[in-house]
Structure formats: structure tokens, C-alpha cells
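There are 2 protein chains.
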Amino acid sequence: MERNLANLFLTKRTNDIRSSAIREILKITVKDSEFLSFAGGLPNPSLLPTERLTQATETTIRTKKDVAFQYGDSTGYEALKELIFEYFVDEKEDFSKSLCITSGSQQGLAILGQLFMDENTNVLLENPVYLGALQAFSPYRPHFVSLPMEEDGPSIEALETILVREKIHCFYANPSYQNPSTCTWSIAKREKVASLLDAYGVILLEDEAYRYLDFTGTVYPSITSLRKNKDLSFVLGSFSKIISPGFRLGWVSVPKPYETIFTAIKQGYDLNSNQFSQVVLVQLLRDLDIRKHLQKIQTFYANQKNHLVRLLEQYLPEVKFQNPLGGMFLWVEYPNVSAKKMMVKLMENKVVMIPGNEFRLEKSERAFFRMNFSFLPEEQMEEGVRRIQSVYRDIIT
Amino acid sequence: MERNLANLFLTKRTNDIRSSAIREILKITVKDSEFLSFAGGLPNPSLLPTERLTQATETTIRTKKDVAFQYGDSTGYEALKELIFEYFVDEKEDFSKSLCITSGSQQGLAILGQLFMDENTNVLLENPVYLGALQAFSPYRPHFVSLPMEEDGPSIEALETILVREKIHCFYANPSYQNPSTCTWSIAKREKVASLLDAYGVILLEDEAYRYLDFTGTVYPSITSLRKNKDLSFVLGSFSKIISPGFRLGWVSVPKPYETIFTAIKQGYDLNSNQFSQVVLVQLLRDLDIRKHLQKIQTFYANQKNHLVRLLEQYLPEVKFQNPLGGMFLWVEYPNVSAKKMMVKLMENKVVMIPGNEFRLEKSERAFFRMNFSFLPEEQMEEGVRRIQSVYRDIIT
Numbered sequence: 001m002e003r004n005l006a007n008l009f010l011t012k013r014t015n016d017i018r019s020s021a022i023r024e025i026l027k028i029t030v031k032d033s034e035f036l037s038f039a040g041g042l043p044n045p046s047l048l049p050t051e052r053l054t055q056a057t058e059t060t061i062r063t064k065k066d067v068a069f070q071y072g073d074s075t076g077y078e079a080l081k082e083l084i085f086e087y088f089v090d091e092k093e094d095f096s097k098s099l100c101i102t103s104g105s106q107q108g109l110a111i112l113g114q115l116f117m118d119e120n121t122n123v124l125l126e127n128p129v130y131l132g133a134l135q136a137f138s139p140y141r142p143h144f145v146s147l148p149m150e151e152d153g154p155s156i157e158a159l160e161t162i163l164v165r166e167k168i169h170c171f172y173a174n175p176s177y178q179n180p181s182t183c184t185w186s187i188a189k190r191e192k193v194a195s196l197l198d199a200y201g202v203i204l205l206e207d208e209a210y211r212y213l214d215f216t217g218t219v220y221p222s223i224t225s226l227r228k229n230k231d232l233s234f235v236l237g238s239f240s241k242i243i244s245p246g247f248r249l250g251w252v253s254v255p256k257p258y259e260t261i262f263t264a265i266k267q268g269y270d271l272n273s274n275q276f277s278q279v280v281l282v283q284l285l286r287d288l289d290i291r292k293h294l295q296k297i298q299t300f301y302a303n304q305k306n307h308l309v310r311l312l313e314q315y316l317p318e319v320k321f322q323n324p325l326g327g328m329f330l331w332v333e334y335p336n337v338s339a340k341k342m343m344v345k346l347m348e349n350k351v352v353m354i355p356g357n358e359f360r361l362e363k364s365e366r367a368f369f370r371m372n373f374s375f376l377p378e379e380q381m382e383e384g385v386r387r388i389q390s391v392y393r394d395i396i397t
Numbered sequence: 001m002e003r004n005l006a007n008l009f010l011t012k013r014t015n016d017i018r019s020s021a022i023r024e025i026l027k028i029t030v031k032d033s034e035f036l037s038f039a040g041g042l043p044n045p046s047l048l049p050t051e052r053l054t055q056a057t058e059t060t061i062r063t064k065k066d067v068a069f070q071y072g073d074s075t076g077y078e079a080l081k082e083l084i085f086e087y088f089v090d091e092k093e094d095f096s097k098s099l100c101i102t103s104g105s106q107q108g109l110a111i112l113g114q115l116f117m118d119e120n121t122n123v124l125l126e127n128p129v130y131l132g133a134l135q136a137f138s139p140y141r142p143h144f145v146s147l148p149m150e151e152d153g154p155s156i157e158a159l160e161t162i163l164v165r166e167k168i169h170c171f172y173a174n175p176s177y178q179n180p181s182t183c184t185w186s187i188a189k190r191e192k193v194a195s196l197l198d199a200y201g202v203i204l205l206e207d208e209a210y211r212y213l214d215f216t217g218t219v220y221p222s223i224t225s226l227r228k229n230k231d232l233s234f235v236l237g238s239f240s241k242i243i244s245p246g247f248r249l250g251w252v253s254v255p256k257p258y259e260t261i262f263t264a265i266k267q268g269y270d271l272n273s274n275q276f277s278q279v280v281l282v283q284l285l286r287d288l289d290i291r292k293h294l295q296k297i298q299t300f301y302a303n304q305k306n307h308l309v310r311l312l313e314q315y316l317p318e319v320k321f322q323n324p325l326g327g328m329f330l331w332v333e334y335p336n337v338s339a340k341k342m343m344v345k346l347m348e349n350k351v352v353m354i355p356g357n358e359f360r361l362e363k364s365e366r367a368f369f370r371m372n373f374s375f376l377p378e379e380q381m382e383e384g385v386r387r388i389q390s391v392y393r394d395i396i397t
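Those protein sequences? They're chains A and B, same order as listed. Take 1 as the starting number for the first sequence in this note's numbering and just add one per residue. Take 1 as the starting number for the second sequence in this note's numbering and just add one per residue.
Check the hints yourself; a few may be wrong.
Note that identical chains are pooled: a pair holds if it fits in a single copy or bridges any two copies.
Calculated cross-link-like contacts (lysine-lysine; reagent style DSSO-like; alpha-carbon spacing at most 27 Å) [as the list claims (entries may be wrong)]: (1) Lys350 <-> Lys31; (2) Lys350 <-> Lys228; (3) Lys81 <-> Lys65; (4) Lys27 <-> Lys64; (5) Lys167 <-> Lys12; (6) Lys31 <-> Lys340; (7) Lys81 <-> Lys292; (8) Lys350 <-> Lys65.
What the hints contain is simulated information worked out from the structure, not anything from laboratory work.
Assemble the whole structure, with the sequences as input and the hints as a guide.
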């Protein structure tokens, strides 16, 4: 992290704290409306039903004011936990688990960092990896180990080699429509990894923030649900992608033995998650037909994805990407350019996407970019791709 | 923290993580409505104007949906920051400072813990001290130093002795209507402490969560505003006590040199604070006459306090407390009993207050209890004091 902190009193760990280029880029694009942004991971606000939302908040204020505007249980509002168990927790991963509502799944990562990581912790990560996890874990200065990935999940051979070579304490994985690679692990690989984690006693931090954004409505079994030793498995979920990031709510399935200490860390962070949002969300979820709502967003994002894929095929046939099964991104390689050089030109031409190296522990020479397709309307997406084409062609000729 | 973690993988720091007895007690009293609770620090929900709140949320959904239900700036929603600068930040403490919205002032403490504290950090604390600060700081295992307090603030003699004897890196202080002691520092002491902190280069973490709950409307100058070296001073504020804890919003005035790294830690914790609540709060604050609203709650809490004081004088003339100038608590010493024994009997008799030792690094033999007066209606307060009287008289005879 670049900054001039020479004269400041700080702890050693602050050397490892990472800024998010994504959030800096988002700030610029918010301020300048001429920017076309493929940068964020922004859910499309049109998918949030205004009428029902208004009703849900009215009902909350009218009938639940004393609960909604007070401090709440540190583990979350009971009625919301019940709905999550009902709709979003696989029975097979649920065995002996408790649930803690968090302030976004990002807070779940921050709690797990404080719980498990210090300079003696070896943490296995997918390469590339979700930047927010690096932000949550890095301050605790664990030793990170990078796991090579293939199209259908991790390289099992590489995983076995690593597990034999060194004690891995925690594995942070994002097996469905991974951010940023879009990789979705096959069921065979999930099973194989589950049994290896059991064999080596590895704690799994399974981030399922995108789980319900499959383009055909498929819900993959979590790795946790396939493990024997569920006491070593945490599953993180989020309402940000399926309802709204404005509620800033997620959850973590916590194995019972860790429940008390997980809750104590959560208390130290913010006492409890936003109670007003939790109560409104309960009203909204009860009123929405959740399955229908999920179908609606799945169809919408599938169409958006198809549109971006077609545009890239049309305007930039030389770029490479895996066609994703779900999520909000394409992970696109632009051959024969420097990502840094291209980024400068993109900003000049008021179009933006996230350079792949933001998601890596060790920088790659290849120019990958994460391109979001959930937010821009179709015409603006086309204009954006045109700008990218012009920048790219200028650089490579 | 009592628990059986013998077989769990955990970092060393988890030995220092503290549970909150308060939150455990709150859980019990919420479940059993026969309990009369002087335990929480719960603002009175009647003080939140329902009509205006409904209007504010409607306006938000109708006119600000795209902003309110999206990710936001990690440092907070700009319009809310402007209102905080206008109404709640003393110009004199503002010099060269930036503002970061946090998920309650508790999150401000958690960020400051990660920023400044490790095993080499000496942190000065008032005795007794706010439990939430211990929860936020303890995981980083700093060396805590206890500062003896007098009725009008810290013992200056003790402070000077400590500053000469050892390097103090940070001082966490809660100078107005301190939770739990209710102590309010005199202006003379604020000035003296400000100049000592400047002389010794101490970072001040000034918690002003109760600042606007003075019973006569007085706003004391912050210690920060009296310092020369404002680059070593953070001021924490909160909407929980003056508007509602349901919004889970607070703020920290951050010296400019620390702005980037403070924001990066905030990102790692939860990306940004609840955006929906921030936008609703802006609508509400614009619509409320803030000064009138503050007067209303000040008068209400002053009456509640006077009522509890009268009840204690009537039913329990043997107990001792300082009559507070503001806030939500009395800090009451019950002579000649064991607090532990009394706590058991109180729970049996369905009345509850928080044992003073929860707020101490080193347990005291004297039986102090923190008694909240903001929440219970007058008749229930009287019945509660009667139950306490009966328990107390039973034990001492």
C-alpha cells in the first residue's frame, strides 16, 4: 500500500494492510458520469422491487419499531436467522451448526481472520483470489499459499502436493462463480477436496456469496456439505448479490464449538448488525416469493452476460475468457499488452475494468481484466466495449 | 472468557477475547418479559418520531433508491458526513481532520485497535472503563495501564506519574458522562490533560458517544479541541444514543495523515457502513429540528434520572452514587455486600443491573452496579428498585 507513513506511530501489521483499487476506481466513476464502468460488482438496482420494499419498511416502522430501532442480539435477529435456515442453508451443511448474521459477508471474513490468523497460520488461497479476503486477512500477517486452478476447480495434484509438503491450517475458497476468475468447481472436485480437507484436518472458510446467481438456477452443493468433519467448516453467505448491498447483511454458518468466540469477536467489531435492515429484510423476504425472485435475477444476469459475451466476440475476437455459469463477471485475458499501460489508456477514454493483478498475491505478466456485466444497460455496454476495442487496438498496433 | 476450547485450533490472541456479560444478560431479559432491567444502555424508543421516520424512509425509497440500495463509499455517504460536520463536530477539533462513518462507534474502536495496538502498545484506560473498548482492543493484546479517576476527571498527579514512568502510546478516554462511572471531566482537567498529552506525544482516542446527552444541554469542549497536536487525536461519535441504535451508525474524526490506512482497515471490516440507514438518516436529520430533538431527549432523560435518584434515596438511602450531569446511567455502590452474591439473588428476583467488575481490568472487592434509567417507565422503575431493596436487605441482615 503506497502512502507516506514515515512519521506515524502504527503497528507492524499496518504494513500489510491493503487498499482496494476497486473502491478507488468506483469513487472516480461515481463522480464522473461519463465513465462507463465494468469495474464494480454492483447488483442491478432495477431488480429490487420498489413497492414491496416500501411496504416492508412501512410495516417495520408501524409494527416493529421497538425491535427495529434498538440494539439487537449479536448473532442476529432471530426471525431472519430462521428464514436463512429455511431458504439458504443446505441441510447437509447445517449439521450441528449455528448461524451468525454479519455486516456483509465481508465482516464474516474479518471475524475469521481475527479468529484463525497470525504469523504462524498457513492459509491456502485460490489464485486469483477475492480481494476483500486479502483485505480482511492480511492485517493478521498469515503465511499465504497459492493454489493453482483449472477450469473446473483446483488442481487436485497441486493441492495434494501442498498438503503433504506443509501444514495448511485454513483454506479460503469461493467454489461457485468465483470472484474474479468465474471458475465453478465441478461436483467431482468438490467431493475430492472435501475428503482431502477431512484427511488433513484443514479448516475451510467457504465463501458462497454468489451461490444463488447460477444462470440456470442450479445450486451446487457446498464443499462443507460433502465433508465428514463439519466442525472445521464455515460457510459464508450474502444478501448483497441477491437482494441488495444497501442492507449490508450476510451470514456465516459457524460450527457449534466456535460459536461463543465467534460471537465475542463480532461484538468487538460492531455489537450487532444493523437491526433496522434485518427487520425490513424479514418483512421483504416474507412478502417476496424468494424462488421467483431468484429466477428473475438469474434470468436477468444470464441475458446481461450473453450480451457482453456477444459484444466481445464481435468487437474483440482476440480476447480469451471462460464462459461463466453464473455470477456477475467475465475474467478476460487481453493478449500481447501490458495491463498497466492499458489501464492508463482506459481511464483516459473513460471506460474502466479491474486489472487482474489486484486479485493476485504475485503479479502476473499476462493482462487479465475483470469485467462486470450486471450493471450497465445493453447500449452502454456496447459503447464501453467499443472504447475498450479502440484502446486495445491502439496499443497492440 | 470461560469456554472449553481445549481441542480447537485458534490463534493465541483468542485467549484475550472477552465476552460481554451485558449482552448475555440482555438476551435473558428480552426472552423473559417479567424481568425488570436496569442493565442495558437502551435509548427510549418513544423518543424516535414515528411519522418522520416513515416519511424519511419513503422519501429514500422513492427518490434515492439507486444510492440507498447500492454499495457506498467506504468513508461514508457524503451528505451524512456534511450534516455531521455541521451539527456534531466542534470546529476546533475539526482542523485538518477527515471523517469516516462507522458501523456504530464500536466499529471505530475496532478499527483503532487494529491500527494502533499490538503487544508493544501501552494503552492508558480510565478505571472503570467501557466494556466495548476492552472487547475491541483486547484481541490485539496491548499492555493496559489503569488511570485512577476522581469526581471531576482523572487524577492529574497519577497521570503525570504514569507518563513519566512509561511510554504511553494511546489513551482511550470517555470524558463526558462516562460509561459506566458517569464521571464528567471538568474543563480545567480537560485543558490540563490536553497539554500533558501534547507534551508526551500521546495518541488520544476520545469517545464522545454520550456528548449530547447533557441534562441541561451543555456541550463540553472535547479534549481534542484543546490540544495543539490534533494529528494525534481521534474523536468518536454515535447516533445510537441521540437518534437510534437501530441505524448502527457512528463516526470518527480521523487526522488526515491516518485517513488512507483508517479507510483501508474499514474496508477490510465491512466495505462500507449500511448505506440504506445512512440515506434514511440524512432525510430524517434534515426533517428534524436537531436542536429541538436534542432538547427533547435531554429533558426526558433528566426526568428519568431524577426519578431513579429519588427512588434510591427513598428505598435505599445506604447506597452511594455521584449525581450525573448527563448520560443514561447511575454508578451505584452497595456497601457491605458481595456483588456476585447479590447478582445471583437479583436474577432470582427478576431484576437486573450490571456488576461493576465487568468494567474493570482488575476486580474490585467493592460492590458497584451500573444502573440504567433511560429505558424503564417510572412505575416499573419503582417496582425494580423495590425488588433490589428486598434483595439487598435480605443479604446484609
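Hint by hint, here is what the structure shows:
1. With identical chains, the CA atoms of Lys350 and Lys31 are at most 27 Å apart within one copy only, with a shortest distance of 12 Å there and 56 Å across copies.
2. For the identical chains of this complex, Lys350 and Lys228 are neighbours neither inside a copy (50 Å) nor across copies (44 Å), given an alpha-carbon limit of 27 Å.
3. Taking the shortest alpha-carbon separations for Lys81 and Lys65, both the intra-copy value of 19 Å and the inter-copy value of 26 Å come in at or below 27 Å.
4. When the C-alpha separation of Lys27 and Lys64 is checked against a cutoff of 27 Å, the pair qualifies only between copies, where the shortest distance is 18 Å, while the shortest distance within a copy is 35 Å.
5. In the homo-oligomer, the alpha carbons of Lys167 and Lys12 lie at most 27 Å apart both inside one protomer (25 Å) and across protomers (18 Å), since each shortest distance falls under that limit.
6. Proximity of Lys31 to Lys340 under the C-alpha cut-off of 27 Å is restricted to the intra-copy arrangement: shortest distance 23 Å within a copy versus 57 Å between copies.
7. Taking the closest pair of Cα atoms, Lys81 and Lys292 come within 27 Å of each other only inside a single copy of the chain (21 Å); across copies the shortest separation is 38 Å, beyond that limit.
8. Taking the shortest Cα distances, Lys350 and Lys65 sit within 27 Å of each other only across copies (25 Å), while inside one copy they are farther apart (45 Å).
Checked against the numbered hints above, the structure violates only hint 2.
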